[in-house]
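*Asks:* Below, each chain spelled out in residue letters.
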Amino acid sequence: MPAPIRLRELIRTIRTARTQAEEREMIQKECAAIRSSFREEDNTYRCRNVAKLLYMHMLGYPAHFGQLECLKLIASQKFTDKRIGYLGAMLLLDERQDVHLLMTNCIKNDLNHSTQYVQGLSLCTLGCMGSSEMCRDLAGEVEKLLKTSNSYLRKKAALCAVHVIRKVPELMEMFLPATKNLLSEKNHGEILHTSVVLLTEMCERSPDMLSHFRKLVPQLVRILKNLIMSGYSPEHDVSGISDPFLQVRILRLLRILGKGDDDSSEAMNDILAQVATNTETSKNVGNAILYETVLTIMDIKSESGLRVLAINILGRFLLNNDKNIRYVALTSLLKTVQTDHNAVQRHRSTIVDCLKDLDVSIKRRAMELSFALVNGNNIRGMMKELLYFLDSCDPDFKADCASGIFLAAEKYAPSKRWHIDTVMRVLTTAGSYVRDDSVPNLIQLITNSVEMHAYTVQRLYKALLDDISQQPLVQVASWCIGEYGDLLVSGQCEEEEPIQVDALEDEVLDVLEGLLVSNLSTPVTRAYSLTAIMKLSTRFSSVNRIKKVVSIYGSSIDVELQQRAVEYNANDLLDLLGGNDVVPVIQTTVPTKPASAGGELLDLLGDLSLTGIPPMTAYNKNGLKIEFTFERSNPSPNIAVITIHATNSTEADMTEFVFQAAVPKTFQLQLLSPSSNVVPALNQGSVTQVIRVLNPQKQQLRMRIKLTYTHKGSPVQDLAEVNNFPPQSWQ
Amino acid sequence: MIKFLLMVNKQGQTRLSRYYEQVELGKRASLEADVVRGCLARRKEECSFVEFKDYKLVYRQYAALFIVVGITENENELSIYELVHNFVEVLDKYFSRVSELDIMFNLDKVHIILDEMILNGHIVETNKTRILAPLLALDKMAES
Numbered sequence: 001m002p003a004p005i006r007l008r009e010l011i012r013t014i015r016t017a018r019t020q021a022e023e024r025e026m027i028q029k030e031c032a033a034i035r036s037s038f039r040e041e042d043n044t045y046r047c048r049n050v051a052k053l054l055y056m057h058m059l060g061y062p063a064h065f066g067q068l069e070c071l072k073l074i075a076s077q078k079f080t081d082k083r084i085g086y087l088g089a090m091l092l093l094d095e096r097q098d099v100h101l102l103m104t105n106c107i108k109n110d111l112n113h114s115t116q117y118v119q120g121l122s123l124c125t126l127g128c129m130g131s132s133e134m135c136r137d138l139a140g141e142v143e144k145l146l147k148t149s150n151s152y153l154r155k156k157a158a159l160c161a162v163h164v165i166r167k168v169p170e171l172m173e174m175f176l177p178a179t180k181n182l183l184s185e186k187n188h189g190e191i192l193h194t195s196v197v198l199l200t201e202m203c204e205r206s207p208d209m210l211s212h213f214r215k216l217v218p219q220l221v222r223i224l225k226n227l228i229m230s231g232y233s234p235e236h237d238v239s240g241i242s243d244p245f246l247q248v249r250i251l252r253l254l255r256i257l258g259k260g261d262d263d264s265s266e267a268m269n270d271i272l273a274q275v276a277t278n279t280e281t282s283k284n285v286g287n288a289i290l291y292e293t294v295l296t297i298m299d300i301k302s303e304s305g306l307r308v309l310a311i312n313i314l315g316r317f318l319l320n321n322d323k324n325i326r327y328v329a330l331t332s333l334l335k336t337v338q339t340d341h342n343a344v345q346r347h348r349s350t351i352v353d354c355l356k357d358l359d360v361s362i363k364r365r366a367m368e369l370s371f372a373l374v375n376g377n378n379i380r381g382m383m384k385e386l387l388y389f390l391d392s393c394d395p396d397f398k399a400d401c402a403s404g405i406f407l408a409a410e411k412y413a414p415s416k417r418w419h420i421d422t423v424m425r426v427l428t429t430a431g432s433y434v435r436d437d438s439v440p441n442l443i444q445l446i447t448n449s450v451e452m453h454a455y456t457v458q459r460l461y462k463a464l465l466d467d468i469s470q471q472p473l474v475q476v477a478s479w480c481i482g483e484y485g486d487l488l489v490s491g492q493c494e495e496e497e498p499i500q501v502d503a504l505e506d507e508v509l510d511v512l513e514g515l516l517v518s519n520l521s522t523p524v525t526r527a528y529s530l531t532a533i534m535k536l537s538t539r540f541s542s543v544n545r546i547k548k549v550v551s552i553y554g555s556s557i558d559v560e561l562q563q564r565a566v567e568y569n570a571n572d573l574l575d576l577l578g579g580n581d582v583v584p585v586i587q588t589t590v591p592t593k594p595a596s597a598g599g600e601l602l603d604l605l606g607d608l609s610l611t612g613i614p615p616m617t618a619y620n621k622n623g624l625k626i627e628f629t630f631e632r633s634n635p636s637p638n639i640a641v642i643t644i645h646a647t648n649s650t651e652a653d654m655t656e657f658v659f660q661a662a663v664p665k666t667f668q669l670q671l672l673s674p675s676s677n678v679v680p681a682l683n684q685g686s687v688t689q690v691i692r693v694l695n696p697q698k699q700q701l702r703m704r705i706k707l708t709y710t711h712k713g714s715p716v717q718d719l720a721e722v723n724n725f726p727p728q729s730w731q
Numbered sequence: 001m002i003k004f005l006l007m008v009n010k011q012g013q014t015r016l017s018r019y020y021e022q023v024e025l026g027k028r029a030s031l032e033a034d035v036v037r038g039c040l041a042r043r044k045e046e047c048s049f050v051e052f053k054d055y056k057l058v059y060r061q062y063a064a065l066f067i068v069v070g071i072t073e074n075e076n077e078l079s080i081y082e083l084v085h086n087f088v089e090v091l092d093k094y095f096s097r098v099s100e101l102d103i104m105f106n107l108d109k110v111h112i113i114l115d116e117m118i119l120n121g122h123i124v125e126t127n128k129t130r131i132l133a134p135l136l137a138l139d140k141m142a143e144s
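Going down the list, the sequences are from chains C and Y.
Those letters in the first sequence? Residues 1 to 731, per full-length UniProt numbering, in order.
Those letters in the second sequence? Residues 1 to 144, per full-length UniProt numbering, in order.
Simulated from the structure, these hints should not be mistaken for lab results.
Owing to the predicted nature of the structure, the values given are computational and were not obtained by experimental measurement.
Check before you lean on any hint, since a few could be wrong.
What the hints assert, rightly or not - Residues from chain C shown here face chain Y by an in silico Cβ test under 8 Å; the list is partial:
1. Met58
2. Arg83
3. Cys128
4. Lys155
5. Leu159
6. His163
7. Phe245
8. Val248
9. Asn287
10. Tyr291
11. Asn324
12. Tyr327
13. Ile362
As the list claims (entries may be wrong) - Keeping only pairs whose Cα atoms sit at most 25 Å apart, straight-line, the calculated PhoX-like set for lysine-lysine is:
14. C:Lys167 x Y:Lys3
15. Y:Lys53 x C:Lys335
16. C:Lys323 x Y:Lys10
17. Y:Lys56 x C:Lys323
18. C:Lys363 x Y:Lys53
19. C:Lys462 x C:Lys384
20. C:Lys363 x C:Lys398
21. Y:Lys109 x C:Lys78
22. C:Lys356 x Y:Lys56
23. C:Lys259 x C:Lys215
24. C:Lys225 x C:Lys180
25. C:Lys215 x C:Lys180
26. Y:Lys109 x Y:Lys93
27. C:Lys283 x Y:Lys128
28. C:Lys363 x Y:Lys44
29. Y:Lys56 x C:Lys398
30. Y:Lys140 x C:Lys78
31. Y:Lys56 x C:Lys363
32. Y:Lys53 x C:Lys323
33. C:Lys72 x Y:Lys140
34. C:Lys283 x Y:Lys93
35. Y:Lys44 x C:Lys323
36. Y:Lys53 x C:Lys398
37. C:Lys335 x Y:Lys3
38. C:Lys225 x Y:Lys128
39. Y:Lys56 x C:Lys283
40. Y:Lys56 x C:Lys335
Virtual Cβ for every residue (Gly too), placed ideally from N, Cα, C.
Just chain C, same shape as in the assembly:
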């Protein structure tokens, strides 16, 4: 059989493939050739074949049949074979394959090989993919190598030890004696880097080690000093700075050692200040070191002068042209803004400028930082910037930005008028991105600022005239108009111009009706506007028009609207509402289901029920709606009498309707017989049933209900939890 082609040939061939299918074909052909070559057990070409296999593996093709071959290569005596074998092992094998255990013996022998390069290879492989068993077996060898005088091996052994410790933490103790001399290496630092990594790993894993190694702080400080002070060393120089990677690593270890410990922090104060002031900042390298220094200063117990120095460095970073450095600065400032608030405040204007940056991650961090920096003094200026940002930012940001603005405005608003103006501005610019729960919060806010009612409703009405697509704005506006329609119409507000009363009433009703029919309105919005129209019946004079609108919606397709309109009409609420001074009951967070709007409306109804406990909707699914109304039984106040009303809005009757309920153990339940077991279609009637609940311990009422019925010939069964009992029903 002809000699297998070299790797280069294979690559050249694959490059000529014009389609994915062609490439796959070539690879398959080559795989077949390699497989037969493996079968022949030919040592000369095994190395070449495995190299090709690795290339194909990188392209994404399966190469597991080469795993055993890698082992054979490792066992061979030739260095070239071993090299490819170990590389193959690292790329193709991992702990989960059983084959890897066979490597243990080979690695053990190679760890004691006469050539350092072979020893290095085995250390490297063990460090990359050694399993816990292998690590346990070979930890002794690694430890021995950690103590040799050969620095090439020592540095690799150190990192291999890191892997061993990760896999088998109990072995950490074993490496302790070897670490004694790691840092006293006379050599410039060939093994310093990996030694520091090993020490870092040990300190991170075990608090005992951490306290043990604290005594190394003076040594580390000395090494760092030498690095900074020493002259030009061509071997380790990167852009004029001596071994920056080592400096960064040492700084990180110092950070871990100094955290929470006064003495160590004291010992490193000087060197940190020195690094911070002496490092060249013109190139990225210097900035990398400064960044690490700043992180260290902020984490340890440094004196305040040093902290201010660190924050000033970050401030300088913010002005840097290099966007990487600005990003890094903003990330660090975000971490420190809580603890060093005043120092960060000094850089506020630079941070606000970063809002205009083109990079998305920089913008996000600048936004988070800006919110963290807002306080009573700078609220007006900051809000201007933030609102401008809200206008121009990406949609992903708008929701977060809007919420942040609301929070900040709530905490620091200098005046109610400013607050409402800000809120309105947010609603008009980013209305559709505002979170659902903010609508009730805003309504609460407006309710509380009594003197601003007229002004608010005027502004909201104007905004509504311009644009009805932003749902939260429309909802808040409808609510306000419903509530304060009289103020709107009578033009009591001194700031805006007085408006004609009657013409305006019709105009307002036009707008609200427009909302009801518009395609842009969601069902929730429609509910809000219908309610608003209802409420206006007490404030406006055109009651008949309102009654007409309401009766139209009595047969609306939307179940919620229909329900509401019918109930209003049926109970002749229009007259009853006239007597009430209504304040909506929207206290704690309202759930964001569409029924939430219904909830507060039913609370309005609550004022009218006979005992003062509002009725509630317990279940509303698939056209079946079950409402609970409450009565308190006078002779025994611990008994709540609940009447269920089941209605069916679908077009088929629900027959064999059975309602069952269960309560927690502390309650007792009595179910009386229902009025009938057919729930007629299209809300033409309802089934009622009385439940009596004994609640001697006055605990919160909860109930699980089970409904069974037959609908359009098929049986339906459903279980539900009822948790939204109003507090008055069980107190």
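Since the structure of chain C is already known, use the hints to place chain Y on it.
*Replies:* Frame of chain C; chain Y shown alone:
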């Protein structure tokens, strides 16, 4: 620690991939595609650090080749940025003005260099002479 190092060209072809954390074969292709898409979408003014899933990417572009390093949260991004450049300088020294073709046709040697520099996700050596020593010894052995 470093999670992985990739060299991908603008067409999305992976020229080198090294994972220091276990990632299944099937997932690798999609991960590499995602990473490249993320880096290609970046404009010139944006910074070289991208937040990706629950870790970070540091990328650098050299002609048509992207070198992307995935790192964990606690790693110093600027330092890794320098490391990437160091790696390219070492390759430059060995191949005398390295190009994408050099990397493609000498994949095994590039892996060897990488192994000398990064072990198990941590930096081992950054000195060019010391990194290239074993490789030059290997070459001499192969010649003789």
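*Asks:* None of the hints should be skipped; say for each whether it holds.
*Replies:* Results of checking the hints against the structure:
1. For Met58 of chain C, the interface hint holds, since its Cβ comes within 8 Å of a Cβ in chain Y; the closest pair sits about 6 Å apart.
2. With a least beta-carbon distance of about 6 Å to chain Y, the hint placing Arg83 of chain C at the interface is held under the 8 Å criterion.
3. Annotation: interface hint on Cys128 of chain C holds; nearest CB of chain Y at approximately 5 Å, less than 8 Å.
4. Checking Lys155 of chain C against chain Y: minimum C-beta separation of about 6 Å stays under 8 Å; hint holds.
5. This hint holds: Leu159 of chain C has a C-beta 4 Å from the nearest C-beta of chain Y, less than the 8 Å allowed.
6. A hinted interface residue such as His163 of chain C counts as satisfied when its beta carbon comes closer than 8 Å to some beta carbon of chain Y; here the least separation is about 5 Å, so the hint holds.
7. The beta carbon of Phe245 of chain C is positioned within 8 Å of a beta carbon in chain Y (closest approach about 5 Å), and the interface hint is therefore held.
8. Below 8 Å, beta-carbon pairs count as interface contacts, and Val248 of chain C has one with chain Y at about 5 Å; its hint therefore holds.
9. The restraint placing Asn287 of chain C at the interface with chain Y holds, with a minimum CB-CB distance near 6 Å, inside the 8 Å limit.
10. A cut of 8 Å between beta carbons decides the hint on Tyr291 of chain C: the least distance to chain Y is about 5 Å, and the hint holds.
11. Because the smallest distance between the Cβ of Asn324 of chain C and any Cβ of chain Y comes to about 5 Å, under 8 Å, the interface hint for this residue holds.
12. Proximity of Tyr327 of chain C to chain Y holds as hinted, the smallest CB-CB distance being about 5 Å (cut-off 8 Å).
13. For the restraint placing Ile362 of chain C at the interface with chain Y, the shortest Cβ-Cβ distance is roughly 7 Å, inside the 8 Å limit, so the hint holds.
14. Between the alpha carbons of Lys167 of chain C and Lys3 of chain Y the distance comes to roughly 17 Å, so the proposed pair stays at or under 25 Å and holds.
15. Between Lys53 of chain Y and Lys335 of chain C the alpha-carbon distance is near 20 Å, which keeps this suggested pair within the 25 Å criterion.
16. A C-alpha spacing of about 22 Å is found between Lys323 of chain C and Lys10 of chain Y, which places the hinted pair at or below 25 Å, so the restraint holds.
17. Under the criterion of a C-alpha separation no larger than 25 Å, the hint pairing Lys56 of chain Y with Lys323 of chain C is consistent with the structure, at around 16 Å.
18. Proposed proximity of Lys363 of chain C and Lys53 of chain Y is supported: the alpha carbons are some 18 Å apart, at most 25 Å.
19. For a cut-off of 25 Å, the pair hint linking Lys462 of chain C to Lys384 of chain C stands: about 22 Å separates their Cα positions.
20. For the hint linking Lys363 of chain C to Lys398 of chain C, the alpha-carbon distance of about 12 Å falls within 25 Å, and the restraint holds.
21. Our distance criterion of 25 Å between C-alpha atoms is met by Lys109 of chain Y and Lys78 of chain C, whose separation comes to about 17 Å.
22. With a CA separation close to 23 Å, the supplied pair Lys356 of chain C and Lys56 of chain Y stays within the 25 Å bound.
23. Taking the CA atoms of Lys259 of chain C and Lys215 of chain C, the gap is about 14 Å. The hint holds against a cut of 25 Å.
24. For the given pair, Lys225 of chain C sits about 21 Å from Lys180 of chain C by alpha-carbon distance, which is consistent with the 25 Å threshold.
25. Restraint check for Lys215 of chain C and Lys180 of chain C: satisfied, since their Cα atoms lie roughly 11 Å apart, inside the 25 Å limit.
26. A threshold of 25 Å between alpha carbons decides the hint, and for Lys109 of chain Y with Lys93 of chain Y the separation of about 13 Å falls inside it, so the pair holds.
27. For the suggested pair Lys283 of chain C and Lys128 of chain Y, the alpha carbons sit about 20 Å apart, so the restraint of at most 25 Å is met.
28. For the given pair, Lys363 of chain C sits about 16 Å from Lys44 of chain Y by alpha-carbon distance, which is consistent with the 25 Å threshold.
29. For a cut-off of 25 Å, the pair hint linking Lys56 of chain Y to Lys398 of chain C stands: about 24 Å separates their Cα positions.
30. Of the supplied pair hints, the one linking Lys140 of chain Y and Lys78 of chain C holds, its CA atoms being roughly 13 Å apart against a limit of 25 Å.
31. A hinted pair counts as satisfied when its Cα atoms are at most 25 Å apart, and Lys56 of chain Y with Lys363 of chain C qualifies at roughly 17 Å.
32. Of the supplied pair hints, the one linking Lys53 of chain Y and Lys323 of chain C holds, its CA atoms being roughly 21 Å apart against a limit of 25 Å.
33. Restraint check for Lys72 of chain C and Lys140 of chain Y: satisfied, since their Cα atoms lie roughly 23 Å apart, inside the 25 Å limit.
34. A threshold of 25 Å between alpha carbons decides the hint, and for Lys283 of chain C with Lys93 of chain Y the separation of about 22 Å falls inside it, so the pair holds.
35. Proposed proximity of Lys44 of chain Y and Lys323 of chain C is supported: the alpha carbons are some 10 Å apart, at most 25 Å.
36. Distance check on the hinted pair: Lys53 of chain Y and Lys398 of chain C sit about 21 Å apart at the alpha-carbon level, within 25 Å; holds.
37. Our distance criterion of 25 Å between C-alpha atoms is met by Lys335 of chain C and Lys3 of chain Y, whose separation comes to about 24 Å.
38. For the suggested pair Lys225 of chain C and Lys128 of chain Y, the alpha carbons sit about 24 Å apart, so the restraint of at most 25 Å is met.
39. Among the hinted pairs, Lys56 of chain Y with Lys283 of chain C is consistent with the structure: their alpha-carbon atoms are about 22 Å apart, no more than 25 Å.
40. For the hint pairing Lys56 of chain Y with Lys335 of chain C, the CA-to-CA distance comes to about 17 Å; that is within 25 Å, so the pair holds.
No hint from the list above goes unmet by this structure.
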